[in-house]
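Novice: Go ahead and model the full structure; you've got the sequences and the hints to work with.
In case you want the letters, here they are:
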Amino acid sequence: MMTETTINGKPFKHLYAAHCESGVTASFFRHEGVDISEPLVFGIGSGIFFGHLPFIKWVGMPLSTYRAQPGAIFRKAAKRLGGEFVSKRFRNPQEGMDELRRVLRTGQIVAIRTNVYWLPYFPRRFRNNFNGHNLIVLYEVENGFRLSDPNWDHLIDISAEDLERARFARGPLEPRGFMYYPKTIRPNPDLRTACIKGMKDTCNMMLKIPLPLFGIRGMRYLAKKIKNSPGKVGFNEACRQLAHLVRMQEEIGTGGGGFRFMYAAFLQEASDLFGGSDDLARLSREMTSIGDLWRDFAVIAVHIIKQRGQSEDNFDKASELLLTCASREEEFFKDLREVVGKLKA
Amino acid sequence: MKTNEVPQDDVPYFYETLKRACYAVNDEGKYVIVPSIGWKIEEVINGLAIDELAAKLEETRKAVLAGLKSPLAYHMERRQMNPKLLAKTADIPKFRVKRHFRPEIFRKLEPAVLDRYAKALAVTLEELKTVPE
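Going down the list, the sequences are from chains S and B.
Residues 0 to 344 in numbering that gives the first Met the number 0 are what the first sequence lists, from first letter to last.
Residues 0 to 132 in numbering that gives the first Met the number 0 are what the second sequence lists, from first letter to last.
Hints were generated in silico from the structure; no laboratory data involved.
It is possible that some hints are incorrect.
Simulated crosslink set (DSBU-like; lysine-lysine; CA at most 30 Å straight-line) [claimed, not checked]:
#1 K1(B) with K61(B)
#2 K333(S) with K226(S)
#3 K61(B) with K56(S)
#4 K196(S) with K207(S)
#5 K18(B) with K12(S)
#6 K55(B) with K226(S)
#7 K333(S) with K343(S)
#8 K18(B) with K305(S)
#9 K333(S) with K18(B)
#10 K196(S) with K87(S)
#11 K55(B) with K199(S)
#12 K87(B) with K224(S)
#13 K56(S) with K39(B)
#14 K55(B) with K305(S)
#15 K55(B) with K93(B)
#16 K305(S) with K199(S)
#17 K12(S) with K61(B)
#18 K83(B) with K56(S)
#19 K18(B) with K9(S)
#20 K18(B) with K56(S)
#21 K224(S) with K61(B)
#22 K55(B) with K56(S)
#23 K196(S) with K29(B)
#24 K199(S) with K1(B)
#25 K196(S) with K316(S)
#26 K1(B) with K12(S)
#27 K56(S) with K118(B)
#28 K78(S) with K182(S)
#29 K39(B) with K83(B)
#30 K56(S) with K87(B)
#31 K343(S) with K78(S)
#32 K1(B) with K316(S)
#33 K83(B) with K305(S)
#34 K107(B) with K223(S)
#35 K207(S) with K226(S)
Here are some chain S residues the structure puts well away from chain B; computed CB gaps all over 12 Å [stated by the list, open to error]:
#36 G82
#37 R145
#38 T183
#39 V232
#40 D315
Cβ coordinates follow ideal geometry from the N, Cα and C atoms, glycine included.
Specialist: Right, dumping it as structure tokens:
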């Protein structure tokens, strides 16, 4: 399977990543010769988050998110690492495809935002109308394009027709052919300053947003909601909502509280960056066990749904586990805030 | 999660060609990427959502065959769309799209309108007028 190729004589090494947006951003920086990993981009871009938005619906049910809103990781990481990017949207699909081809011909790789449903190479069961998948177009091939999709371990070809459809799908978060590529990238970014900025921002987002829907408060709100849900909407509907919540954690959340593990990986790398900081290494281990807790939450949820509440796993237990996650993460981010305050760039 | 805890459950037809990258801790305590071929828990949850969609689609298909709805409703659901999304994609006002779910109105539609639906739903004109038996 192909993972390497050349663009205008310049080698391109495909980056296999857990999350599309951080993967794409890291790929750009690596292609320009900056040695940076996906977790570093994720941490610097303040990717980790929690939010429960009952008034925004995805496939008809409330949206919960385990990471920052689409586009934020890229925007923040690019800014903090000193990369300038060109980004464009289009009214007219034809115009969008022409512009993509024009830029590709100059030897520039281009990232685009797509709708998952219309990407034919996606597993059928993951294809739904979600307009937020990022990937990189490398160059034109016969009848189509060659892609570097960070979620795959190899390069992929797609027909021009399919790509156009995926780029110009309608609906919530319309991509409208959104494409972006670097204008200038600083060759030696100041990683330490960027890390500190990223971590501080994350702590603020998790602890300080004064609304009960975001960060730690959001988790507590959701825990309460889960506890009351069987009495409120009936057991079946409560199961449905719980399943939906876990689906967002697993599918949109890159698998098994994946963002928590990625953040732990980021802290581990950051610890090395700051001369083997013990505090950061300790926090990385703590985040790993929080990630395991989120996985347990998924397991318990499935037990509840499969055994119709007959086992000892019930909604109270799921809610309690979520509260544990909340208090562990609260401790964690308070701790992190203190540690970051002492770090010197 | 340790590298040996990364789920490698054999769930056919789930990830297909995808191998999900998971960050896990190896024996030296370092984070590495481990590709996962599937997780039962995730499969169950995903299966629930897929089954629900399939059941709804089947219901609509029967309604179409019984003459209660137009095939347009079926093809919209098959593409996981709702009237609002279909209206935007085909560039036809939502209230008209909803009217076109009535078989007697759908039957009288002009080819130009059908064409727009066919394009929006990525089906041929023939497919658009029928549902699978």
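Novice: Each of the hints needs a verdict: does it hold here or not?
Specialist: Comparing the hints with the structure gives:
Annotation: proposed proximity of K1(B) to K61(B) is violated, straight-line Cα distance about 49 Å (limit 30 Å). A C-alpha spacing of about 26 Å is found between K333(S) and K226(S), which places the hinted pair at or below 30 Å, so the restraint holds. Between K61(B) and K56(S) the CA atoms are separated by roughly 28 Å; this keeps the pair inside 30 Å, and the hint holds. About 16 Å separates the Cα atoms of K196(S) and K207(S), which keeps this hinted pair within 30 Å; it holds.
For the hint pairing K18(B) with K12(S), the CA-to-CA distance comes to about 18 Å; that is within 30 Å, so the pair holds. As the CA atoms of K55(B) and K226(S) are separated by approximately 29 Å, the hinted pair is consistent with the 30 Å bound. For the hint pairing K333(S) with K343(S), the CA-to-CA distance comes to about 18 Å; that is within 30 Å, so the pair holds. A threshold of 30 Å between alpha carbons decides the hint, and for K18(B) with K305(S) the separation of about 26 Å falls inside it, so the pair holds.
Of the supplied pair hints, the one linking K333(S) and K18(B) is violated, its CA atoms being roughly 35 Å apart against a limit of 30 Å. Between the alpha carbons of K196(S) and K87(S) the distance comes to roughly 27 Å, so the proposed pair stays at or under 30 Å and holds. Between K55(B) and K199(S), the direct Cα distance comes to roughly 46 Å. Violation of the 30 Å bound is thereby established for this hinted pair. For the suggested pair K87(B) and K224(S), the alpha carbons sit about 34 Å apart, so the restraint of at most 30 Å is broken.
Only pairs whose Cα atoms come within 30 Å are accepted, and K56(S) paired with K39(B) is accepted, the gap being roughly 26 Å. Distance hint between K55(B) and K305(S) is fulfilled; the C-alpha atoms sit about 21 Å from each other, no more than 30 Å. Restraint check for K55(B) and K93(B): the C-alpha separation of about 21 Å stays at or below 30 Å, so the hint holds. For the proposed pair K305(S) and K199(S), the alpha carbon gap of about 41 Å is over 30 Å, so the pair is violated.
With a CA separation close to 50 Å, the supplied pair K12(S) and K61(B) exceeds the 30 Å bound. At most 30 Å may separate the alpha-carbon atoms for a hinted pair to count; K83(B) and K56(S) meet this at roughly 13 Å. A distance of roughly 27 Å separates the Cα atoms of K18(B) and K9(S); the hinted pair therefore holds under the 30 Å criterion. Restraint check for K18(B) and K56(S): satisfied, since their Cα atoms lie roughly 28 Å apart, inside the 30 Å limit.
Of the supplied pair hints, the one linking K224(S) and K61(B) is violated, its CA atoms being roughly 37 Å apart against a limit of 30 Å. Straight-line distance between C-alpha atoms of K55(B) and K56(S) comes to about 19 Å, which keeps the hinted pair within the 30 Å bound. Our distance criterion of 30 Å between C-alpha atoms is met by K196(S) and K29(B), whose separation comes to about 24 Å. Between the alpha carbons of K199(S) and K1(B) the distance comes to roughly 28 Å, so the proposed pair stays at or under 30 Å and holds.
In summary, the hint linking K196(S) to K316(S) is not supported, as the alpha carbons are separated by about 37 Å, beyond the 30 Å threshold. Between K1(B) and K12(S) the CA atoms are separated by roughly 27 Å; this keeps the pair inside 30 Å, and the hint holds. Among the hinted pairs, K56(S) with K118(B) is consistent with the structure: their alpha-carbon atoms are about 26 Å apart, no more than 30 Å. Taking the CA atoms of K78(S) and K182(S), the gap is near 13 Å; set against the 30 Å cutoff, the hint holds.
With a C-alpha separation of about 34 Å, the suggested pairing of K39(B) with K83(B) is violated against the 30 Å cut-off. A threshold of 30 Å between alpha carbons decides the hint, and for K56(S) with K87(B) the separation of about 18 Å falls inside it, so the pair holds. For the hint pairing K343(S) with K78(S), the CA-to-CA distance comes to about 20 Å; that is within 30 Å, so the pair holds. For the hint linking K1(B) to K316(S), the alpha-carbon distance of about 25 Å falls within 30 Å, and the restraint holds.
For the proposed pair K83(B) and K305(S), the alpha carbon gap of about 34 Å is over 30 Å, so the pair is violated. Taking the CA atoms of K107(B) and K223(S), the gap is near 52 Å; set against the 30 Å cutoff, the hint is violated. A distance of roughly 25 Å separates the Cα atoms of K207(S) and K226(S); the hinted pair therefore holds under the 30 Å criterion. Every beta carbon of chain B lies more than 12 Å from that of G82(S), the smallest distance being close to 23 Å; the non-interface claim holds.
For R145(S), the condition that its CB be more than 12 Å from all CB atoms of chain B holds, with the nearest at approximately 16 Å. With a minimum CB-CB distance of about 29 Å to chain B, T183(S) clears the 12 Å threshold, and the non-interface call stands. The claim that V232(S) lies off the interface holds: its Cβ sits roughly 16 Å from the closest Cβ of chain B, which is beyond the 12 Å cut-off. Taking the minimum C-beta to C-beta distance to chain B, about 20 Å, the non-interface status of D315(S) holds against the 12 Å cut.
Taken one by one, the earlier hints fail for this structure at numbers 1, 9, 11, 12, 16, 17, 21, 25, 29, 33, 34, listed in ascending order.
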